[in-house]
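Spelled out from the first residue to the last, the chains are:
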Amino acid sequence: MVKSTKKKVTKAQKSKQYLPPGKRKLGNVAKYTTRNKALNRLQIKLPEFRRLCILKGIHPREPKKKFEGQNKTYYHVKDINFLAHEPLLEKDRDLKAYEKKIKKAKAKKNRELAERFDRLRPTYTLDHLVKERYPSFIDALRDMDDPLTMLHLFATLPADNVQKIPVERVQTARRLSLEWQAYVTRTNSLRKIFVSVKGIYYQVDINGQKITWLTPHALSQVLPSDVDFRVMLTFVEFYETLVGFVNFKLYHSLGISYPPIIDQRLERATAGVEELMEVVNSDGTSDELEDEETLRCKTLFKDLKFFLAREVPRDSLLFTIRSFGGKVSWDGDGAPYEENDETITHQIVDRPTQGHKFLSRDYVQPQWVYDSCNARILLPAEEYVLGRVPPPHLSPFVDNEAEGYIPEYGETIKRLQAASANHVLPLPGTEEEMVDRSEEEAALRRSEAAEVAAKEQEAVAMERTYGEELAKELAGVSYSASLQDQDDKDAMEDEKQERKQQVVPPPAAEDETATLAQMMMPKKTKKLYEAMQMGIGKKKAGVELLKQRKKKVEEKKKGSSS
Amino acid sequence: MAKVTSTKRKQRNGVVATPAPRSDSEGEDVRDDLKLDEESEEESPLSSDAEEGSEDRSDVEEGSDDDNEDGDEDDISNAIRSLLRGNGAEKSDDSDADDSDYEVGSDSDGSGAELEESDDEEGGSDSEEDGAGPAEENGHAKESVEGSELDDKNVAAAPEGNENGNTKGVEESDSEDDGDLNPRNTVGDVPLEWYRDEKHIGYDRDGKKIIKKGRKDQLDAFLSRADDSKDWRKLYDEYNDEEIILTKDEVDMIRRLREGRTPHADVNPYEEYTDWFEWEDKGHPLSNAPEPKRRFIPSKWEAKKVVKLVRALRKGWISLEKPKEKPKYYMLWGDDLQTADKTANGLAYIPPPKTKLPGHDESYNPPEEYIPTQEEINSYQLMYEEDRPKFIPQKFDSLRKVPAYADFIKERFERCLDLYLCPRTRKKRINIDPESLVPKLPKPKDLQPFPTTFYLEYRGHTATVSSLSSSPSGEWLASGSYDGSVRLWEVQTGRCRKVWAMGSPVKHIAWNPNPQISILAIAVEQDVVLVNTGVGLEEEEANLVTLLSLVKKPKSDDEETPLGKWKHDEELKGLRLRHQHVVYSVAWHYKGDYFVTVAPDDILSSGLPPIALSVLVHQLSKQQSQNPFRKHHGRVVRVLFHPSRPFMFLATKIHVRVYNLAKQQLSKKLITSLHEISDMAIHPGGDNLIVGSKEAKLAWFDIDLSTKPYKTLRNHSMDIRGVAYHNTYPLFATCSDDSTAHVFHGMVYSDLLQNPLIVPVKVLRGHTKGIYSCEFHPKQPWLFTAGGDEVIRLYCN
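Protein sequence lines correspond, in order, to chains A and B. Quick note on the numbering used here: the first sequence kicks off at 1 and runs consecutively. Quick note on the numbering used here: the second sequence kicks off at 1001 and runs consecutively.
Keep in mind that the hints were calculated from the coordinates and are not lab data. Mixed in with the good hints there might be a few duds.
[Said to hold, decoys possible] Calculated pairs, EDC-like style, for lysine to aspartate or glutamate (alpha carbon to alpha carbon, straight line, at most 16 Å):
id, chain 1, residue 1, chain 2, residue 2
1, B, 1305, A, 112
2, B, 1410, A, 228
3, A, 547, A, 408
4, B, 1326, A, 127
5, B, 1354, A, 139
6, B, 1694, B, 1676
[Claimed, not checked] Some chain A residues close to chain B (C-beta under 8 Å, calculated; not the full set):
id, residue
7, 61
8, 136
9, 137
10, 149
11, 150
12, 153
13, 197
14, 258
15, 550
[Unchecked claim] Sample of chain B residues with no beta-carbon within 12 Å of chain A, all distances over it, derived:
id, residue
16, 1194
17, 1221
18, 1229
19, 1258
20, 1263
21, 1310
22, 1382
23, 1463
24, 1630
25, 1645
Don't be surprised by glycine CBs; every beta carbon is placed ideally from N, CA and C.
Isolated chain A (complex conformation) (with noise of 0.2 Å):
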């Protein structure tokens, strides 16, 4: 080993072009390059180069310094090495030379060599490549987030002929998302889900890690004429290969064999979502640890039964509720029960009117599945019924608290949540003991909390006197010192001393000393200091506009209901 090492440095060394203290590259120059240089010293061309560097995960830096001028892109020397000794880069050069013989023989009529050429045309895998760029499983599920929405988008896709996007490249998108829904599916990781106007976004936890994607809108999507394909198709790509893997170990844990082979006959009916359910539910070992959060989401709607219309989004939903633990079934091929199934709880529909109604079931819009999950309790489901406009849609993305506005129905969430919590997690058989027990502690929790806020408002109620005393003591010192002083000076003075004290508010004493603190940073403390005060007063202000706007929304309610 020493030796070898030994080896190496000498080697190292001798390949060192000797350079005169002034000529060597030091700093920013020996550690970056621009990337024309790069692809000079690569030898390939920039489309070559952009796509080994998307595959490669390789993107430009900022240097201290920009030698080579502001307008230019660098890119870490090392990275570039990096790139140089890539296989893939002469795997690259190699095919490209194949693909010389196969036209030549096509070009000397010799056919049969063509053909035997293009039957064994060589192929690349980017196993390595996932690998290299996530060292472990962790790494990899934390940037899930891009791969699963590109996936999710390209399994919508038509497949085109003008932008070059192959059938098989959203087929295997397609695929792939569904068999991560359905892993989701079957762990119960699904935590939160937020339809907005741009898509639907799903965050899942899984070991630990969130993840959250975006899927379009059930709705064929226009493909835009000023967006480069090729470099989505080189990500999507990646991705696969990415997803593939994560997706293997994740089944993998489960004890199901990865890809789940499925029937062929079912997937075409219900688009292989169910399918795929069934292989991923029947198979496997079950007995991992579940956490509190998981048993919760599994048990939301447990014992509900319910219906999708024809007319909502049917992956969606069927990915969400089953996620929660529901039971479901749709109007359509291959649906497990029937619309007039007397067992069925809910059905979801977003239809002007309907027809026939059941009265064993309850006429549900979408948003309440979606609510419901995101709050983990059942919401009543009169606000959400067929034919009614439905409460807000919030975000379940959002910190209330840091953004310091809650938005009405928010609140009555909170409450409700609240609510609920007082009726306790049932376990298994001792559910009704528990709802006695519970309300008795509701009942003491109020008393509590009544209890609590009486001692709040006389807590604050003395701090405001401690203030007052403060501000009267910080007076008083002031007067004595003075007469320590100068007490030689005459009383009118003093007098005159102790109303302008009077006079001096103590929240302006305050700002001074805030002020003179300010005037003792450093020049960069204080820009900093400044810029998130700016911040600060940003976000105050945003609220303040949410709150005018409540008010003038609340004010043409009055209006119009007097």
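Position chain B relative to chain A; hints supplied.
Same frame as chain A, now just chain B:
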């Protein structure tokens, strides 16, 4: 056979006078007429033109003879023949035999020739078959040579010989019966226009005229075309002046001919060839060459091909089995959940920034307060594009009304671009309470005493008060103003004790720090006036009078004029010291004997004088002036003496130079990093220095520590005009154009290792205009300030 050829020869000889030399060979070789004919045709180009013509002619005649022999009644074939020949001569030949003669002469000559040949063959073979034929034939031939007019006879005579030979002809002869009704024209091959004007078209066999029938006019033709479905098959024979209706077979025949096929449908042109010759055991192979060697050795090329295939098989280029598919995905990661913070290339991994999670406003059904009003949306148009909100919240009544988001793909694409094109840097995001950035300072309350409150106002000046100076005892305060007066105030009461009118704006005043010498130095224009304040004790007064009386020097020459002229001022009862330039400031040495004046050279008007005269040191007791610096070091702003040691501080615009007076050399040069120094003050200890600048900065120097500022504060919002240290308390103050004065607690510890403590303690307000000067009370923690609003204010603790 030989006979035939001989007769032919005869015939030829008869017809053509010249003997044909080739005829012998013809006669010998040719076995059948077919060959003869072919040869003769082939060879004809070789012979002379005349011969050719004659031969052709003879051939034709032969053919015609043959025809006649075949069957005169074979009218269809005749008709076609005539048709295909397309010339009048032949027509005339056959005209007697046929009533259904055709006018269709549009067939190509080539096809006609072929047909002719085949007919000839037929004829030839016929003649070959029956032996009786030749004799008659000869006879006919002779006759035919004589004239074409006799053709008819031949035709008539011929049939008997050949009747049994051709069954076809017999069959077809039925149609002749119809034709017999019409008289046949016998005019022969004459131009028909000869008969154009006649009533007849010719003569029949009996020599009677055949009268022309009336031609149909166009209307009749049209009517018949309309009525008769067979009309299209009708043809008009001009020769015989009659209409012919073609039968379906005939039409079919014409069609086939036009298509270039055989006229009869049942003729197979591609009959299988039967080789009648028995080749076996004849002992005469076609080629006698020996079998080549290559037929007995294995092929080299095949071997090469096999080698290629074998190699391809060996190397797996050709494989019949389907290639084994490896599983696409496998267990890539182990069970360890360790994460690495470095990438494979040794650089720190910078994860891509996560996209911002959506807020309430992005909901399809947001709370109403999140939806901007129409006015607000309109106001977005007035914003800069960067400031304009990217996303305007919308509200939909129900989920089914939500449309596809048009920018979805574009936004994803932009995200992709961000991922691979944006330079990534790891930025430390400070997630702290902004209040934690504010330095924790000792509370001002604990640092008392310091001036906090406004106590007294000294009114009297009518213009900006430029300078303040208090007496060493602290009882008196002198102030100089731009109204040209210097006033002496009693500090405690605010009474103005004395007023000196100087006549022009006072720039600076300085009270002598020596309590025994209560003299005031006043800088007015180019003069420094030293006046007796008259507040000293009785016994000191006399001393002052002597000090302020002009000393008669032994050498009062012109030499010293550049350094200043000492004069006695009668009016003020003091000394007047004249400088070359306007005096800006005066500073006393702590012992009170020396003072230094700053009168910067007027660089703009006169240019730099060879010797710098801006700083002059004067000695009061000897009434002498001296110029310590010969060299310019920038525009001097302020000069001060060290409070206890022989040092002098000289502030130029950007530097402070410290001179050791004992050694007479530069001891230090302080780099202030300020742009324009306005004032300077020295701590009574002498080791610390504060410098105020016109960019509102204050620099504290610890001279022993470094030549760079220990602390620089930008406390004011406008130019700092003056700075001051307190003599006894750890206080210093700055005053500025922003009409505030800041009081600081500036504690200097005797322990050299401990840095001075600087704490701002008070902002004094009250002036309505900028403060020009501030001065501490020498004993109390009070501060005098004066400025543009013409009043002097006293702040007490």
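Results for each hint:
1. B:1305 with A:112: Roughly 14 Å separates the two Cα atoms, so the pair holds.
2. B:1410 with A:228: Roughly 10 Å separates the two Cα atoms, so the pair holds.
3. A:547 with A:408: holds, 11 Å
4. B:1326 with A:127: Given that 16 Å is the threshold and the Cα spacing comes to 13 Å, the pair holds.
5. B:1354 with A:139: Between residue 1354 of chain B and residue 139 of chain A the Cα gap is close to 14 Å, so the pair holds against 16 Å.
6. B:1694 with B:1676: Holds, at roughly 6 Å.
7. 61: Result: holds, 5 Å to nearest chain B Cβ.
8. 136: holds, 5 Å
9. 137: holds, 4 Å
10. 149: Because about 7 Å separates residue 149 of chain A from the closest Cβ in chain B, which is inside the 8 Å limit, the hint holds.
11. 150: holds, 6 Å
12. 153: Nearest chain B Cβ about 6 Å off; hint holds.
13. 197: holds, 5 Å
14. 258: This hint holds: residue 258 of chain A lies near chain B, its Cβ roughly 6 Å from the closest one there, short of 8 Å.
15. 550: Status holds, d = 4 Å.
16. 1194: At about 71 Å from chain A, residue 1194 of chain B clears the 12 Å cut-off, so the statement holds.
17. 1221: Holds, since 63 Å exceeds 12 Å.
18. 1229: Check passes; 58 Å lies beyond 12 Å.
19. 1258: holds, 42 Å
20. 1263: It holds; residue 1263 of chain B is separated from chain A by about 46 Å at its closest Cβ, greater than 12 Å.
21. 1310: holds, 15 Å
22. 1382: Nearest chain A Cβ is 17 Å from residue 1382 of chain B, so the label holds.
23. 1463: holds, 28 Å
24. 1630: holds, 39 Å
25. 1645: At about 31 Å from chain A, residue 1645 of chain B clears the 12 Å cut-off, so the statement holds.
Of the numbered hints stated above, none is contradicted by the structure.
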